[in-house]
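**Q** Protein chains in written order, with our numbering: chain A, 1 to 289; chain B, 1 to 379; chain C, 1 to 261.
Keep in mind the hints are simulated off the structure, nothing from the lab. Glycine included, C-beta positions come from ideal geometry on N, C-alpha and C. Take the hints with a grain of salt, since some may be wrong.
[Claimed, not checked] Reference excerpt, derived from the structure (chain C facing chain B, CB under 7 Å, subset only):
no.	residue
1	V114
2	L117
3	R121
4	L123
5	G203
6	F206
7	G211
8	F220
9	A221
10	R224
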Amino acid sequence: MATVETREARQPWILLAPALTAVALLLLVPLAFIAVYSFWLRTATGADIAGFHTDNWAEALSDPFYRDILLGTLRIAAITTLVCALAGYPAAYFIARSKANRAILLLLLMLPFWVSYIIRTMSWINILGVSGAFNSALLAMGVIGQPIQMLYNEATVILGLVHFLLPFMVLNVYVSLEGIDETLEQAANSLGATRWQAFREVTLPLSLPGLAAGGLLCFVLAAGTYITPLVLGGPTDAMFANLVFEAIITQLDWPLGSALSLMLLAILGALVALYNHFVGMSQIARGFG
Amino acid sequence: MDHTRRYERLRERYLNGGLDRRSFLGLIGAAGLAYGVRTPFAGHALAAAGEVRFDGWGGVVSEAFRKHAFDPYTAKTGVTVIDGTFGGGDEYLSRVKAGQPGEYNIAHLSGVFDYARYHDLGLSSELNRANIPNLDYVIPKLVTVLSDYSGGALSAVPYDYGTTGIAYNRKHISDDEAKAKGASLLIDETRKGKIGGWADWRTRIWMAALQTGQDPNNATDMDAVWDAIRKHRDLALKYWGSGAELMSLLAEEEIYVTEGWSGRIYALQEQGHDIGYVDPPNGYGWQECLFVIKGSPMAECEELLNFMLDPATSIAVAEGQNYPPALDPQKVDLGAKIPTLPAFDPTGTLSGLTFANPAYWNGNEQEWSKTFGRVQKGY
Amino acid sequence: MSGWALIRIWTVVVYLFMFLPVAVVVLLSFNASQFGAFPMTGLSLRWFGELWANEAILRAFRVSFLLGALTAAISTTLGVLAALALVRYDFRGKNLVSTVLIAPILVPEVVLAVALLLFLRFLQMPKSFALLLLGHVIFTLPFVVLVVQARLVGIRRDVEEAALSLGASPRQTFFAVTLPLLAPAIFAGMLFAFTISFDDITGTLFWKPGGVETVPTQIFAMLRNSISPEINALGTVMIVLTVGLPLLGAAIARRLGARTR
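Let the hints inform the model, and build the full structure from the sequences given.
**A** Here's what the structure looks like:
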């Protein structure tokens, strides 16, 4: 009996071993290097001095410049996630419930990924730009006399992010909706619930893990982006990852860049902990139901 | 055991019934995986002798290099050239810094300040000029600017040069106005929302020095410079980050004026866009060089550099990227197109161009690049 | 009934939004001139011709494809196993483990890229295609774990228990019951891993060995000079290959099916 139990206890770790080994070797150990690096100092010539200096951390934590941009980044990521959820959920529901065209709809959803991300992002310039599709169409119809300036502000950054992240949301929600037994909704209907009630009481709660996973993905990816604000943002629409990128690539200040990225990592990590907490709760709740 | 033989043997065992179909296919799959991962790239993984790594900007430039320099070089010496690309000088330096000695060999770097940065980071090597006879064709001023910085030794050969001047849409801004206003056109309030600029701290500070009437290589009033940069930021629609963005912003009339790279503006004009280009007094001149990084096989690199400086190669590359070659027009016939390129100096003295003083710029790099990072974002 | 109609309309709007940039890319791949997008000046197949002649992009395409396929295979395998452990077992430190598995997408990619390089330099290992592959596996793994996990939670345990109680071995149950139920999630995970790998730029720039270019790094290197509509042409070709052919196949299958019936 004892051997069965130990085997039972060992099993998850056997399943986890390959993935955990990969993450440990390729992520955690390198991150430890970065953590050490964040206590080094950068000199004027560009060489780094080893040692234990808290200067980078003091700067990253106390300077309002970093705090403001971090807050701005979290705000943009939150708006993006919300828009993705609102736009994506009904679409995912439609895909999950339309039997015949499901495969094709899913295939089509991934279609924009086949055009390189940079080109996809830049193509918004051809749509919203002064000589873009919208302005040309409006001019031709005589609705406007002068092209409207639509590009290069926070709204276009969010637009670009939503376009990039929407498939992540839809797929996650779809996957969880698809796993819900449709007869549950029908059962609720037959018990006198309206379709809306059945959806709200049965389907929606069951699909929450998918929505949470999609939301987490959208938020995290939006908060870590730097190409979209570069291409679609105006001069002042920078996000936190731009700061990290600039510190590491443009200023070659790896120690400060390390501190900044660990800061972003800590905040996003806290978010994941929250997610784990709540998804864990819902699983327990289901166990009771 | 080579893969074909291994496959043959597996197939034999399968046909003889030694393996069931499933494991046969599995093994083939695994072998294919191993083949896919290893063989085509194994050569690149180990930078063995008989190989030189060259990193450049890609596109037309590297095609010209491949055709006129790399292939003939390999045919003659048996040494292969691995050509890599980078998207920008800063990103590449980060890669070199994180890389291992000997991993990167020759790089197409920008400006004298890059030469100085690499030298200061201890990444420079020492070329034996006797092995690069084609160096004699090169404009002497371009060479001394480099060797002066590294105390007489030379770690790179100059390759091409250009300017960053003012580019403007001629439908909206006249040539006379552009000539009269120069860099101040970039902070002209009547053009609010139609102004662009490169998101590069050196260029921004240089332009701001011109706007505030200071010497770009020795600005004394930095507060005025930062104010001019802030003013430009508030008037600008967009900071661009690549030649592609620069060209499309101008061509699609999102902006009417920006500073621009001479070769890119020439390309726009070539395509029939009505864009004007003017180098203001003390405009930003720069050169690009082929830098040999410490730890490289020197004899091989020197020979390759000599191939690349060959007038035929240099001219082909120059015509492709629209920047004049570093060859002295007094010594080499540069053909028909090159003399029409912007920034081209027929005298070969380059006395009309102002280059960045590397000690001045690199000495302030840490502080200024950081300050610009903030100013750029609205602070 | 009207609720369903609304959802349908909404879905169409969402798809239109998703396709807008793609449509523009496809349209502009036939544009005669390089800039000045709209109104278009004329139609031309010129960019397709140039694409076909551009050996560098075609080579990059093959590398990207191989890399994406291998990444998808490896990271889906690792991800499915890990997701099974996370959903099916209770053990100590579970939350920590799932956070660790998500961690690769929490780290800004540029940091991950530099960190991994520093580690390699420490180990004195040269860059190789295998490293590039491992790097891609690492940042696609969280996507697979998340997608598969969400789906696994939805699979009711009692179906499997029924199979077990009917005398199936755990292995039989896994292959006959769990795996088919998991198939959509596995497929979605692979699709995710492949497309993300195919589209990655930041990490690839840092990890790729000399002489190896993927489609995005090739495009990135071309951007310095100018945007070439060749890239639009490549996008068009990709879309025809990935969507056109399966659609055509489905249509033919449907027609054949109708005939035999």
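**Q** Next step is simple, just say for each hint if it's right about the structure.
**A** Structure-based check of each hint:
| no. | hint | result |
| --- | --- | --- |
| 1 | V114 | 6 Å, holds |
| 2 | L117 | 4 Å, holds |
| 3 | R121 | 6 Å, holds |
| 4 | L123 | 10 Å, violated |
| 5 | G203 | 12 Å, violated |
| 6 | F206 | 6 Å, holds |
| 7 | G211 | 4 Å, holds |
| 8 | F220 | 5 Å, holds |
| 9 | A221 | 3 Å, holds |
| 10 | R224 | 5 Å, holds |
Of the numbered hints listed earlier, those contradicted by the structure are 4 and 5.
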